[in-house]
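Please work from the sequences and hints to get the whole structure.
Residue numbers (my numbering), protein chains in the order written: chain A, 3 to 357; chain B, 11 to 344; chain C, 109 to 370; chain D, 2 to 545.
Calculated from the structure, these hints are not laboratory results.
What you are looking at is a predicted structure, and each value in this text was computed from that prediction instead of being measured.
From the three backbone atoms N, C-alpha and C, an ideal C-beta is built for every residue, glycine too.
There could be a bad hint or two in this list.
Rough simulated footprint, nothing fancy, chain D against chain B, three-plus residues with beta-carbon under 8 Å [said to hold, decoys possible]:
id, stretch
1, 88–99
2, 178–187
Negatives, chain B to chain A, calculated, CB over 10 Å [claimed, not checked]:
id, residue
3, Ile23
4, Arg128
5, Phe204
6, Glu253
Think about it this way: if two alpha-carbon atoms lie no more than 30 Å apart in a straight line, the pair counts; the simulated DSS-like pairs of lysine-lysine are [to be verified]:
id, chain 1, residue 1, chain 2, residue 2
7, B, Lys340, A, Lys85
8, B, Lys340, A, Lys130
9, D, Lys242, D, Lys153
10, D, Lys367, D, Lys316
11, D, Lys332, D, Lys354
12, D, Lys433, D, Lys466
13, D, Lys102, D, Lys316
14, A, Lys130, B, Lys252
15, B, Lys133, B, Lys252
16, B, Lys252, A, Lys85
17, D, Lys477, D, Lys492
18, A, Lys64, B, Lys252
19, D, Lys191, D, Lys102
20, A, Lys75, B, Lys340
21, D, Lys477, D, Lys354
22, D, Lys287, D, Lys316
23, D, Lys316, D, Lys460
24, D, Lys367, D, Lys471
25, D, Lys367, D, Lys102
26, A, Lys75, B, Lys252
27, D, Lys477, D, Lys162
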Amino acid sequence: MSDQHLLEVRDLVVRFRTHDGAVHAVNGVSFDLAAGETLGVAGESGCGKSVTNLAIVGLLPKPAGRVEGGSVKLDGRELTTLKEEELRQVRGSEIAMIFQDPMTSLNPVLRIEEQLIETIQAHREVTKEAARTRAIELLTAVGVANPESRLRSYPHEFSGGMRQRVMIAMALALEPRVLIADEPTTALDVTIQAQVLDLLRRLTEERGTATILVTHDLGVLAGMADRVNVMYAGAVIESGTTDDLFAKPRHPYTVGLLRSIPRLDGETGGKLVPIEGRPPDLVDAPVGCSFYARCAWRTDRCATETPALLPIDGGTGPIVTSGPTATHVAACFNPVAPAEVAEGRPLPRTGGATR
Amino acid sequence: MGRYIVRRLIAAIPVLIGLSILLFAYIRILPGDPCVAILGQHRTPEACAALRENLGLDLPLWEQYIRYLMNTLSGDLGASVVNSQPFLAEFLTRFPGTVELTIGALIFALGVGVPLGRLAARKAGGRIDGLITGVSLFGVSIPVFVLGLALVAIFGVILEWLPTQGRIDARARFDATSGLLLIDTLFAGRLDLFVDVVRHLILPSIALGSIPLAIITRITRASVIEVVNEDYVRTARSKGLKEQTVDNRHIMRNAWLPVTTVVGLQAGALLGGAVLTETVFVWNGVGRWVVDAIQNRDYPIVQSTILIFALIFLVVNLLVDIGYALLNPKIRYQ
Amino acid sequence: MVGLFCIVLFASAAILAPLIAPYDPYAMNGSSLDAPSLTHLFGTDLLGRDILSRVLYGAQISLFVGVGAVAIALVIGGALGAIAGGFGGRVDGVIMRTTDVFLSIPSILLAIGIVTALGRGMPQLTLAIAVSYAPTFARLLRGSLLALREADYVVAARTIGASRLRILVRHMLPNALTPLIVQATLVLATAIIDIAGLGFLGLGPTDPRTPEWGTMLVDARRFMQAAPHIVIFIGGAIVISAIGFNLLGDGLRESLDPKLKR
Amino acid sequence: MKNLRIGAILGALLMVAAACSSTPVGKAGGTLIVALPGDIVRTDAALMDDSNTSYVIQQVVETLVGLEPGSTSKVVPVLAESYEMSADGLTYTFKLRSGVKFHDGTDFNADAVVFNYERFIGLPTELRDYAFYIGDIFGGYGSESNLESATKIDDLTVAIKLRKASSNFLLTQTLQVFAIQSPTALVLGKADNTEADVTKITAATGGAGAMVGTGPFKFVKWVVGDSVEVEKNAEYWNKEKVAYLDAIVFKAVAEEAQRVNGLATGEIDLAQTIAPATIAEITANKDLQLIDRGSSFNTFQISMNHTYAPISNPKIREAIAYAIDYDFLIKTFYAGAAVRATNWMPAGVAYAKDLNLPGYDVEKAKQLIAESGETDLTIDFWYPNDVSRPYMPDPKGLFEAITANLEAVGFTINPNSDGWREGYLDDENQGKYEMWLLGWTGDWAGPDNFLKTAFFGYKNGAPSKEFAYKNDALDKAMNDALAAGTEAEAKALWETAQDLIRADMPTVPVANSKPQAAATIDLKGFIGSAALNEPLNLVWLDRP
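Printed below as a string of structure tokens:
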């Protein structure tokens, strides 16, 4: 491929070994990320969003979690087969991460200073002084007042929003090319959320950092992401530019997601409709469409055959996997017609509702 | 920090008062004449009269208690019934032995327990973990005196690797100045004797340290397993820190906290266990002394030893809490 | 599994001792210090008494004193803990400072002090062990109760105007008992070791013929070289029982209280 | 009477000769580690009343007269070169050795002896409770003491005057209690501090002035609760008996097993007493030697207090004597190193005769119980739970076996025990026990030491509270025997006394044991003595 993407994930499979059997956490996820692009990932809890991210940087919990297939390439360099030491050098400096809960993601017994400096010194041969200067710059950049004195503080002396700013500063400390932000604002107050998101967008834009933004908040995605992947049961089931996806969602699950959040844009008549049922148990290897049990649009075919991620209109042209012209794809045999999006459809009460 | 210590000291006051009341009551609930309990066989009517006067046995209880408290605070902790030696002087000659023994046991327990716990946590669920858990179960289930007897028989008598009794080779005829032989021998420049003292310490330390070892192993394992799954450890890894840095700085700095608390609580168990260990290993310490005192109905010695041991326990726990606070900034600034 | 096996072994030895013991534990019916043989599976002691029978009857003493002591400790400690945790305030303060006092004394020393003051004997031994463990139970129950005070269903019961006592007895206690039961099992292991320890220090039962493990161990110690099997059998009995209760306690902890699972 | 004393003097002369006989030349040097069953109690010889202290003190301070090594009855001169008794038996004149110096460099002379003996007479009231023997042997202090005065005749001659004649005087003066200590040191150590707080007396507690004598070893230090260290006195007056060893450390090792372990590992060179249970182990170890101490010098008995029923009934006491399986006890607990007691004193003591005591006979015991008419056969029975004694190596085991014997004939036993030093001895002495285990190791080889001092002599004119055994005829016989004019008279009176005791069976003597010691095979020149007077200056270590 001539236009190599910054990050290419292909058919990623992750399994967890537990006492109850293997959990199929990620089942063949593929996506690309171009430089400077922001990819949103949406989906319910436990659908494999975070696991995918951890798998990319090789931080799956050991020894239970394992990448069992697929590849992850950063600038064409295969990451899944790297030695731990090589992977370590990638982490933090080329791919950085921000986690959901700023309250627990910072080490409570270490000063902010130590946590920032160790990040820098882990990858750069710099003096402690230089690292400290850099740390102050970073804190200033994320809007921490009195950075010099705040460096001496411990995490518990910061508010949640401030802590997340520190996390962002830490993640951007080495100017990584990819930033993975895993629900960065979920744990924050709504008023703070906006500030932090704003900061994040500003800093990534300034630096041209490609970002994967994971959230279950579609509202956030609408404002932040260039493209959106919707995940369900360890797989991407719909993908497209943010505009495409929000305007014409095709997969029944995406539709469900959109209908289950309040619309702030003043559109009336849209009642809040929860998606009935629960995501499937990932212990059993999935057969057929994983959304089958909860799907109002299901057909018999869905029960036995797994739908592939294909362009929504059955187009035959080349599939664009990144950028503003990305092809809108969905994994569904019986996509939702645009007309039905607003109204929804009741869940059929017959046959196989529980699996 | 200073305020924290002061607050902890103030919190210890009611406990000390309660302890003094308990021990004050102890001698008075003993069957028979307190004069017999306190002066013993060699009592004379004059001595009894003097004692009554001194303790005010005819006064109301609260006044007697005040006297007891004043005496105790002024360092008068009573005297031995057997040889009339004042408690404190005799205690101080034996205390260094107990200090070395308990510290030896603690070093053994921490030095082996923490690495074992870390190893078990790293291999959690595996065969090594199972083995370590089994060993720690055994350690917590085997009484000090049974283990002591076994160690003496195996490593002392059969293999002749290590000495079985006492704190130092009696042939060395060494003049201890502080009574802490590890320090005394070093100061005297007697490296050979220092080694000898260490060799004498090994078996008793293992016997006494086995239960704390087992507990520390378990708590370290549990604590590391818990910390390993903390978000900040994932953060540390995601920053690309070396595994060693993650381990030492991020995991252990936090995992130490519960271990520290347990070490403090084990201080009491160590002092109690010293009583049995010293008996088994003919160790010249407070424990062996208090056993003799019990057999001889030397109540003032028993009473004051309990007081001092309780004080040590409180002080050690205060130190542990301060250490905990130093390790845990959240407490420090509260 | 192993734990259960040890417990069953220990408990059945204790309960069935009169039935399964091959000899009267007091009868001097063998020659002195016999090695294990078919007639005396564990050999005999200095006075020619059958060691197997004595070890079996010894289990009885450890079990009775141990269970008795832990039961008393549970009742005393439980009551104090319930009052402290259930009502709080000044009562709580007084009770907790009192337990602090007792906890500051090493438990074996406390037990020694009590036995010396009250005199030797099984009831005294039981009480001494009980007093040294009661404070732990009091603290534990109080802790659980305090945590439960903020539990939703307790708050709910309070808002509908249930009396404090009723809330304590009906809503809080049943939910706070689990850790107490687990702790009691673990303490049983320690109690067995402590009983033997007191026996080892010569503070065992008044009748020196009583087959108490610690007392027997001191006697056997002199024959460590000549008849090591005696020390091994008695020491083994103590260790196996303690392992049993420790394993049972761990097992209970894991099955009853997943929160405590570590 | 005269014969008796002349005998003693002859013995003394013989001893002098024996001392000159050639002994194999030992190897000088080395430190000997001696395990004692307990720590010493005092460093002031006058305040001593236990065998551990005595064992240490005898190496350091010396008496005017002593016992020949290995003997329990042969009096030999030590610091006195010779002695003679006046015709009325009241004055003993000691000719002192010249050129003897105390360890502090001061001279040993008549002044020193007078100082010490005046101290024995007028010990401060507050210290008298600590000095059991002096008061016991002389019947009190001051004007009550049988010691009237000690007078300096010249620099090397002292006359000691008694109030009434006492045939055991010389023998008692061999006790370590009557050792001569340096007066200078005693003053320095505040030995007679009139505040009489014994803790302020450094001479008694191991500080300044402690144990300053003339012996072959000098006191170095006492680590209370643990060990006592003495070192060679190179200036010892008896040039032929200057110690081979450089030093001795006496370690308190209460645990019998640890004494043998220590011998096996080389941490101990000499265990002063060992448990009979460990004899087999010691003989099996080729690096160790068992040391036999010859004849027995002790009696182990089942003690009884006649205040209590059914003990008060002589038939019951006789029945108890028939109920005991003596052979089993001796075989099991003494490993054969004991003999069945035939008397209340061991066979070697003067005038001791076989009293034909009851043997093991269950039927006879039952029959006597039936005849006694007693219906309540419950007895409170006590044993000490923290010691072993030479005559009673395993009190608990003996107690268990004896209890089983007694229950077999129909008694009901209430088992009791207490710690030795403050509890047991005090309580049995106060008459609180009905039946208990106790014995006596002889201090000197006179019948009075066993029958009178240890057992049945009246205290303050009345039966002792200990046994509450009232027999005025016996008390009179014993007192008369001590003051008897002729040997024949003494013999007759002592035999009468023994018959009286046998008839009443006040207690049940069980065994006379031969307490053994054990040592590393390298230990040479050790002369065991049943009285435990074992000077270690003659001992050497045959090791490179």
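**Request:** Check each numbered hint against the structure and report the violated ones by number, ascending.
**Result:** Of the numbered hints, 6, 7, 13, 20, 22 and 25 do not hold.
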